[in-house]
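*Asks:* Model the full structure from these sequences, guided by the hints.
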Amino acid sequence: MALKVLTALDSARTQYYHFKAIIIAGMGLFTDAYDLFCIPPIMKLIGRIYYRSPTGNANKLYEVPQSVTSAMVVTALLGTVIGQLVFGRLGDLIGRRKVYGFALMIMVLSSFGCGHSICASRTCVLLSLGFFRFLLGVGIGGDYPLSATIMSEFANRTTRGAFIAGVFSMQGFGILASSTVTMIVCSIFNRAYGENSDNNTPHDADLAWRIILMIGAVPAGLTYYWRMMMPETARYTALVERNIPQAAKDMEKVLDISASQIAEEFSTYSPNTPPSNYSLFSKTFIHGHGLDLFACSISWFLVDIVFYSSNLFQSQIYKRYLSDKHDVSAFQEAFEVARLQAIIAICSTIPGYFATMYFIDRIGRVKIQIMGFFFMAISLLAMGIPYYSYWYNKTNVGFMFLYGLTFFFSNFGPNTTTFIVPAELFPARFRTTCHGISGAIGKLGAIIGSIGFIWASHSKKDGYSDEGIGMTALLILLAGVCIVGMITTYFFTRETMGRSLEENENISINEGPQNEVGGGSV
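Numbering of the sequence shown is given in numbering that gives the first Met the number 0, commencing with residue 0 and proceeding in unit increments.
The set of hints was computed from the structure by calculation and includes no laboratory data. Relax, there's no trap hidden among the hints.
Result set (SDA-like, lysine to any residue): computed pairs, CA atoms no more than 25 Å apart in a straight line:
1. K248 - T6
2. K248 - A7
3. K19 - P230
4. K282 - R88
5. K252 - N242
6. K366 - S309
7. K97 - F18
8. K19 - M104
9. K324 - Q65
10. K3 - R428
11. K366 - C346
12. K97 - V217
13. K248 - M227
14. K3 - N242
15. K3 - N503
16. K248 - R428
17. K324 - M71
18. K97 - E501
Distance ranges between label pairs, derived from CB positions:
19. I183 - S278: 50 to 60 Å
20. E62 - P385: 23 to 33 Å
21. Y50 - P385: 32 to 42 Å
22. R12 - N395: 45 to 55 Å
23. S388 - S278: 53 to 63 Å
24. T283 - R319: 48 to 58 Å
Built from N, CA and C at the ideal position, the CB exists for glycine as well.
*Replies:* Okay, structure coming up:
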């Protein structure tokens with residue numbers, strides 16, 4: 000018999016607390032995007048400070064080596080993998096709320112740590128920055144499964160997808176905030192030292208990038224109190240802790256639901272009823288949820304390969320739209336990179352998030368994911384096939400449109416849906432664990448996209464001394480990855496739209512993995 004406390008949650012009207020929860024839960028995703036997208040302009044500043052030419056001429060500066068930039072990205076991603084696995088499991092074992100604030104505190108402290116990277120020598124600064132970025136990744140990784148699950152367990156069935164997408168959309172605002180803060184900080188420093196200073200890289204540039212990193216901790220820190228004030232989700236309290244009266248009390252605190260709506264529960268359902276006896280990765284779990292876990296993991300893995308390979312295009316775009324580094328100050332160079340990122344975010348990334356929020360509870364997760372993979376593949380092929388014959392010397396509005404299109408359909412597609420679906424398919428006592436596993440496998444794809452594909456894209460045509468397979472082959476290969484994502488989504492991903500979380504669980508267990516795969520219920 001369905002618990003009335005959960006039925007009331009599924010049918011609750013949209014209220015103020017739902018929107019408050021989006022902000023509170025989304026701050027971890029905000030910090031994630033802020034940290035990731037402030038790295039390109041920060042690397043411009045670090046390159047000016049720590050990679051001067053052997054002749055000592057401050058105006059002839061080396062770029063930060065690709066290996067160093069990749070290492071900065073990968074250290075955070077490795078931390079994210081660990082955080083998703085560890086905090087995902089803890090969220091099921093001891094509760095979402097008990098570990099939620101801890102993950103946020105790790106993010107806040109490690110963000111400040113990144114800004115306080117010790118020493119003034121290149122090696123020492125980069126090592127300490129890498130260490131704190133690893134810790135930051137652990138906190139961000141822990142936030143992924145907890146934020147998605149908390150929002151899914153608070154939301155009603157009809158708008159659940161939009162609310163989880165709203166949490167994920169905070170990434171877009173994190174990108175915009177990162178670019179805005181970078182532009183403001185660089186403008187202040189540039190005005191203080193003058194655009195035509197004889198020394199285009201003043202000593203205090205070392206302070207500028209630290210300020211940019213530390214400011215990213217402020218929004219997350221401001222939400223810590225509200226995270227601590229959030230009650231445990233009613234679903235975890237009722238289904239995992241088996242404490243239905245407490246679940247009812249917690250729900251009354253945050254949602255406009257009277258006790259009379261759920262009073263019947265205490266006489267019709269015993270809180271001492273033993274939970275289902277199958278364990279994680281048991282035969283029953285594999286039969287009922289193994290295919291779901293595979294579908295969530297492989298889709299996340301594939302989309303992150305493509306999403307994090309976007310760095311492939313940056314050098315081509317920078318060459319066309321940024322000033323020569325020898326003609327501008329360090330602050331101007333970083334400003335231009337941040338400005339370009341802001342334009343892309345406003346024109347493609349953020350609209351993609353909003354489109355998902357609007358359509359996901361209307362047309363479903365599976366259709367959006369398939370559509371996103373398809374149009375990403377088309378955009379990549381349109382850039383890849385004529386890359387050396389046309390786009391290489393004509394990085395014009397057409398190229399920028401296709402580049403933006405990949406971001407739009409990534410977010411109005413698999414980048415968002417892979418965050419949502421794992422929070423809807425699995426039983427309450429395994430929900431954050433399975434979301435963490437899916438996300439961790441996805442970040443392994445991100446590592447491949449950040450390192451392997453970037454190195455493979457090297458070509459002597461692009462000025463590299465080592466020879467990879469080149470950009471044309473790489474972009475076509477990435478399009479192939481998207482096609483594989485379409486196929487796996489169609490055959491293996493289960494639609495969750497319109498059902499309660501418990502209905503999704505029961506369908507999986509009672510009917511097995513053959514039920515409604517391939518978006519059959521869409």
